[in-house]
Every structure is written in structure tokens, then in C-alpha cells.
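Chemist: Read in order, the letters of the sequence shown correspond to residues 4 to 83 in the numbering used here.
Incorrect hints may have been included.
Claimed, not checked - Keeping only pairs whose Cα atoms sit at most 27 Å apart, straight-line, the calculated BS3-like set for lysine-lysine is:
hint	residue 1	residue 2
1	Lys68	Lys40
2	Lys55	Lys68
3	Lys40	Lys55
Claimed, not checked - So the derived label-pair ranges between C-beta atoms look like this:
hint	residue 1	residue 2	range
4	Pro21	Ser76	20 to 28 Å
5	Leu53	Glu29	22 to 30 Å
6	Phe38	Ile80	29 to 37 Å
7	Glu45	Arg65	23 to 31 Å
8	Ile80	Leu53	16 to 24 Å
9	Arg65	Gly42	30 to 38 Å
10	Ser76	Val18	42 to 50 Å
11	Gly61	Ala32	31 to 39 Å
12	Leu20	Tyr56	23 to 31 Å
13	Val18	His58	20 to 28 Å
Everything labelled a hint here was simulated from the structure, so no lab data went into it.
Note that the coordinates shown come from a computational prediction; the quantities given were computed from them, not determined experimentally.
The beta carbon of each residue, even a glycine, is placed where N, CA and C say it ideally should be.
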Amino acid sequence: MARDERVQGVNALMVTLPWLEAETHETAAIMGEDFWKYGIAENLPEIEALTKYIHEQGLADRRVKVEELFHPSVFDISKV
């Protein structure tokens, strides 16, 4: 069963959050069905944007490469 199917199943909710079903549908409409992406490849645009902003805002003296941020073994991990 997919992660979003577990969250959207309303017969017995896995979490007790008000408006969970409506918020889940709204989030999926904005961010796509896979709004909890796992893996570096799946999140590469976001990671690269983060490194760009960190450098632009002076929090790092250079733009750090994605390969410098994670252990090499993590690059092979994706969805579980």
C-alpha cells in the first residue's frame, strides 16, 4: 500500500489530525501525489536550490556540491 493511500484511508486514520483528508488532497493537488519524496535524485532540484540560497545569503563562502553533503552510499537509496 502506497504511503498516500495509508494517509488517505479514512476508515481508521493512522494519525489523529483534524481535516487530514482535506489537507492531504489539497497538498497533493499543489505538490503532486508523491509529496514525501525520498532519495537524493528525487529531491535534487530542492537540494540544489538550498545550496544556492545558502551561498547567496552568505551562510557558506561557496556553493557546496550535492556530493559533498551526503555519504556516497546514500546516493543509491530511493523509495523503501
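Chemist: When the hints from earlier in the document are held up against this structure, which numbers fail?
Modeler: Hints 4, 6, 9, 10 and 13 contradicted; others consistent.
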